[in-house]
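A.B. asks: The primary structure of each chain is shown beneath.
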Amino acid sequence: MKPILVEIIISNKPQARDPEGETITRDLIHKEGYDTIRNVRTSKLLTMEVDAENEEKACDLTVKMCNDLRLYNPVAHTFSVRAGR
Amino acid sequence: MKVAIIQFPGSNCDKDTLHVLSSIPKVNATLIWHNEFDDDSFDAAILPGGFSFGDHLRAGAIAAHSSAMQTIRQMAATGKPILGICNGFQILIEAGLLPGALLRNASLRFVCKWTNLNVESTDTAFTCNFEGSARVRMPIAHNEGRFFSDDTLLTTLEKNKQIVMRYSDENPTGTLDDIVAISNVDANVVGMMPHPERASSSFLGGTDGLKVFQSMVEWVQ
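Quick mapping for you: the protein sequence lines, in order, are chains A and B. Here numbering that gives the first Met the number 0 is used: the first residue of the first sequence is 0, the next is one more, and so on. Here numbering that gives the first Met the number 0 is used: the first residue of the second sequence is 0, the next is one more, and so on.
Read the hints as simulated data drawn from the structure, not as lab findings. Incorrect hints may have been included.
Stated by the list, open to error - Capping the alpha-carbon separation at 25 Å, the derived lysine to aspartate or glutamate pairs in DMTMM-like fashion look like this: (1) B:K25 - B:D54; (2) B:K1 - B:D42; (3) A:K12 - B:D150; (4) B:K1 - B:D122; (5) B:K158 - B:E130; (6) B:K25 - B:E130; (7) A:K12 - B:E130; (8) A:K12 - B:E157; (9) A:K43 - B:D54; (10) A:K63 - B:D54; (11) B:K25 - B:D42; (12) A:K12 - B:D149; (13) A:K43 - B:D149; (14) B:K25 - B:D37; (15) A:K12 - B:D176; (16) B:K112 - A:E19; (17) A:K12 - B:D177.
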C-alpha cells in the first residue's frame, strides 16, 4: 500500500495579529507596487506520509492526531488538513 | 525544601537558576533530566528558560509531552509551587497547565533587555513576598513572548486575579494588555517571561528576582 501524502497547515486565528504577514504585505508587496494584493497571512506547513486505506481515513487520522497531541494551540491557531497533492 | 529544576535538551538557564537557589536558606535545589523526573517527593519544581527541543513546532510544544510533565501535573494538582520561566512558561502553556498562547513578538525580533514590571497579584506562590503593586525590574530575553487570548479568557484571567505581572511602561513585545506573567486559578502554578534568576544579584544589575524565589519558600511554610 502506497502511503498517502497529507499536509497540515497551522495558521494564526484572524484575531491574532500576524506581524510576519503584515511585514511582507507592507514592506515587500506594497512597496514594490502590487497594491491589489492584501492581507498576507503566514502559516506553518507540515507534510507527512500516512499509511491508510484512502485519503479520507488519512485525513481523519491526521485531524485526530492534531487534536490529541495539540499540534496547534487552539487559543491562537486554526489548522486545516488536506491529502493527495 | 526540595526544589527540582527540570532540564530539557536545549534548556540554558538551568544552572543560573540553581546558582540563585543555592544562595537561599532552606532551599535544597537539584537539576534533574526531564525524562528521569518521576519523584514526587519534591516540594516545588521550576522549568527554566532556554530553547527546549530547539523550539521546534512551537516553543515549548514538544517539551509539553515529556514524561516529566506527568509529575509536574501531579505536583500542580496537589498545590505545590510550579514556576515556568521564559521557555518554562511556554512549556506550561503548551502543556495546558496555564491558559492562553505565547506568539512571536510583534517586532519579529528576539528582545533581550531590562524591563520595568508591575506586580499585579501578590496572592501567588511566586509573588507573595512582594509588596502590593510593587514596581520591579527584571530582564527579558525571548522571541515568543506575545501573550494572546480571546476576550472571554482575558476577562476570566482578570476576574480570577490570574494576571501576575505586566510591563509597567514600555511593552517591547506587543503582548496583550502588557501581560508578562500569569498563574493558574489556585495561584500555585506561575509562568513568567522575565528572568528572575538574572535579577538576583546586584552584581548583575538588580535583586528584584530574588523575591520570586523567596516567595516560593514563604508559600510552602
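A.B. asks: Run every hint past the structure and note whether it holds.
C.D. replies: Status of the hints after comparison with the structure:
{"no.": "1", "hint": "B:K25 - B:D54", "verdict": "34 Å, violated"}
{"no.": "2", "hint": "B:K1 - B:D42", "verdict": "5 Å, holds"}
{"no.": "3", "hint": "A:K12 - B:D150", "verdict": "13 Å, holds"}
{"no.": "4", "hint": "B:K1 - B:D122", "verdict": "22 Å, holds"}
{"no.": "5", "hint": "B:K158 - B:E130", "verdict": "21 Å, holds"}
{"no.": "6", "hint": "B:K25 - B:E130", "verdict": "22 Å, holds"}
{"no.": "7", "hint": "A:K12 - B:E130", "verdict": "38 Å, violated"}
{"no.": "8", "hint": "A:K12 - B:E157", "verdict": "22 Å, holds"}
{"no.": "9", "hint": "A:K43 - B:D54", "verdict": "14 Å, holds"}
{"no.": "10", "hint": "A:K63 - B:D54", "verdict": "23 Å, holds"}
{"no.": "11", "hint": "B:K25 - B:D42", "verdict": "12 Å, holds"}
{"no.": "12", "hint": "A:K12 - B:D149", "verdict": "10 Å, holds"}
{"no.": "13", "hint": "A:K43 - B:D149", "verdict": "21 Å, holds"}
{"no.": "14", "hint": "B:K25 - B:D37", "verdict": "23 Å, holds"}
{"no.": "15", "hint": "A:K12 - B:D176", "verdict": "18 Å, holds"}
{"no.": "16", "hint": "B:K112 - A:E19", "verdict": "22 Å, holds"}
{"no.": "17", "hint": "A:K12 - B:D177", "verdict": "20 Å, holds"}
Comparing the model with each numbered hint stated earlier shows that hints 1, 7 do not hold.
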